[in-house]
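Dock chain B against chain A, hints included.
Number of protein chains: 2
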Amino acid sequence: MNLDALYSELTLKTNAKLALVVLDGLGDIATKEQNYLTPLEAASTPNLDKIAKDSAQGRMIPIAPGITPGSGPGHLGLFGYDPLEFQVGRGVIEALGLGLELKPGDVCARANFATVDGKGIVTDRRAGRIPTETCEKLCAMLAGKIKKIGDTDILIKAGKEHRFVVVFRGKGLEGPLTDADPNREGFAIPNVKPRDENNAGQKKMAALIADFYKAAVPIIAKEKPANGFLMRGIAHQPHIPLFEERYKLKPACLAVYPMYKGLAQLVGMKKIEGPATIAEQFERYLKEYDNFDFFFIHYKYTDKAGEDGNFMAKMKAIEDFDAALPILLREKPDVLAITGDHSTPCAVKGHSWHAQPVLLYSALSGSDKLERFTETGANSGSLGVFEAKYLIRLMQANAKMFDKFGA
Amino acid sequence: MNLDALYSELTLKTNAKLALVVLDGLGDIATKEQNYLTPLEAASTPNLDKIAKDSAQGRMIPIAPGITPGSGPGHLGLFGYDPLEFQVGRGVIEALGLGLELKPGDVCARANFATVDGKGIVTDRRAGRIPTETCEKLCAMLAGKIKKIGDTDILIKAGKEHRFVVVFRGKGLEGPLTDADPNREGFAIPNVKPRDENNAGQKKMAALIADFYKAAVPIIAKEKPANGFLMRGIAHQPHIPLFEERYKLKPACLAVYPMYKGLAQLVGMKKIEGPATIAEQFERYLKEYDNFDFFFIHYKYTDKAGEDGNFMAKMKAIEDFDAALPILLREKPDVLAITGDHSTPCAVKGHSWHAQPVLLYSALSGSDKLERFTETGANSGSLGVFEAKYLIRLMQANAKMFDKFGA
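Those sequence lines, one after another, are chains A and B.
If you're matching positions, the first sequence starts at 1 in the numbering used here and goes up one per residue.
If you're matching positions, the second sequence starts at 1001 in the numbering used here and goes up one per residue.
One chain only, chain A, in its complex shape (with noise of 0.2 Å):
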């Protein structure tokens, strides 16, 4: 039997509430540099050690052993859906990282502008980095002009430096696509293909692209040195279960960046606007407790630290979270999980494999007795390691949403 479908069946709707709290990149290793202590050891944590002893611990792979995700599919797991079954492209994931709304269907694409030569053979795939000012300069030129492709609406954002993204919003396109984009100068772009022959809507938007750069090419061609681009990544957002549905909740986004609000957002989670810091976060969750039955809390700068390689930093990011956790409690979830979407070691300065830790309290969590959440007690709770894409299965059961399996 699928045990989704299982989990479907056995769930039932209650009035429990339930906070997904993530701290970024939340895990880290001990090493003899840092005394053997990771940043959330090493931080003072009075608020996060008081709800310590009544919780269960664990430590949660995000994808599969040794396997380092990026945001996207660590989000993904955490909200419960296996990430290697729902894939999101990275034309997708960098639209929503600049903040763009897509909608079911939409196509998206990276795009970089680049130097070509006369022969239209790729000198320079990133332009010389052209300064942000510039790459929004020459989108505003695009978009100004290309609107529509026949009747698919063209969307066109600037990133930083040469990076932008493109979405396509029509009727039976799909992706995904090959890439448009020689992967190394001194060759031509080449032309996009179905990844499918035999998909008519990917042969649609493949057709789609090339008549995008008819009708962008001539709009930058005397520009110095940006006068083409190349796209990558062109796939549509893919079909993801309503979360809603899916788990019975009625869920809630409580993020600051725009890539987080994203990737809530393609689940069907409600964004809530405004909140700019971990306190006026929690702030707003009390206010909006009752009109929400799950709360997904995104905290950053665990990872910004871990990806700077910054230890003081990444302990004072857990200390400042921990100051702000006692307005979370004020009004408390039943079911709490405090837990990162992967590890951002200092030592790695970028994200990782390494098991993440999480922090399960509850009502019914059961003690682990471990008298603070830490990676190393963590190892030794009594949820073990098990795959991130379960923790919203527990954080159910804990809510006493799944009715008995069998007699």
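Derived from the structure by calculation, the hints contain no laboratory data.
Treat the hints loosely; a few may be bogus.
Claimed, not checked - Okay, derived cross-link-like pairs now, SDA-like style, lysine to any residue, Cα gap no bigger than 25 Å in a straight line:
id	chain 1	residue 1	chain 2	residue 2
1	A	K32	B	E1331
2	A	K193	B	S1008
3	B	K1404	A	K404
4	A	K404	A	T11
5	B	K1053	A	A42
6	A	K300	A	P258
7	A	K369	B	S1380
8	B	K1050	A	K300
9	B	K1053	A	L100
10	B	K1369	A	E371
11	B	K1404	A	A221
12	A	K193	B	E1009
Relative to the frame of chain A, chain B by itself:
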């Protein structure tokens, strides 16, 4: 999406050196009789202790919960091949154990000399367990007269007591076949049959076995008590993806016993001949350091002692290993895994299903803050309890050999 395909897609070639050190049958269980210590816990292991502090630990399920593996599946798992997907016939394992070098397509059978009466009824399936010397003499008689059947080369090699192996090297041969063995005394030897009636290679092979019987039986018909023989586990060497292509690692095998050299060779590792002790194996590792990326180093004596139920001998084998370890550490591999292929608990006097402890040491393994490498410590390691087939993926991750999955 298929996970192996994903791993392949994400794999990057690097300059990292990886070493997988297998203490055969390392895992054990603590019992009251031994003062609640395992041999690994009772042993003095100052050198393992030194690296334990900077390592991650966990326990590995060789195949699946409760399944006790033979050496074949145990090692295939360690090499990252799902032992349920890649099954190696017993004939092949037996041939490898006798030091036969197999080629792709070879079909192997394990055989027993037996006693047969005038009516063809098996009266002793092991011919009274004839001495090994008699077996060698009989095999030489057979090998002297049967070198080829049609265009198929026949290799015959004696094992211990009544056991021997026959290898069929020809074109278009396949297994598996049913056994030429009534499985009990008092019955005639059945003809072999293809397991799949529609498989041409199996049909050809079944005819070949019948021809082999016709040629061989008259040669030994007047011997006593071994005037007949049974054949079992008739199968071809399975098609296994080459290690080097699968992992982008150039692998070498430093083993002493033929079985393990053979298993390494099955996946395409280069056998390095010469070393006869663990110290010599480590010395040779130092010499070959620049020539390979991956070293499989196999140590047999822990398993031997476990099979004998000899606690003190297993403890001593671990101490001998530990004493040699500093040689390896003179030129530390970037990623070092130390584990067993399964447990061989002294109380079991044989292989078992108990999860074996594993230690993973690299600049990015993180420290589990454990002062020693033991079964009990490994229970609270950050790697948790996982299937052995994932170890190599964790080793690759620690060697930074995987690109990020998704954006």
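Here is how each hint holds up against the structure:
no. : hint               : result
1   : A:K32 <-> B:E1331  : holds, 20 Å
2   : A:K193 <-> B:S1008 : holds, 23 Å
3   : B:K1404 <-> A:K404 : violated, 39 Å
4   : A:K404 <-> A:T11   : holds, 10 Å
5   : B:K1053 <-> A:A42  : holds, 18 Å
6   : A:K300 <-> A:P258  : holds, 11 Å
7   : A:K369 <-> B:S1380 : holds, 15 Å
8   : B:K1050 <-> A:K300 : violated, 37 Å
9   : B:K1053 <-> A:L100 : violated, 47 Å
10  : B:K1369 <-> A:E371 : holds, 17 Å
11  : B:K1404 <-> A:A221 : violated, 35 Å
12  : A:K193 <-> B:E1009 : holds, 20 Å
When held up to the earlier numbered hints, the structure conflicts with 3, 8, 9, 11 and fits the remainder.
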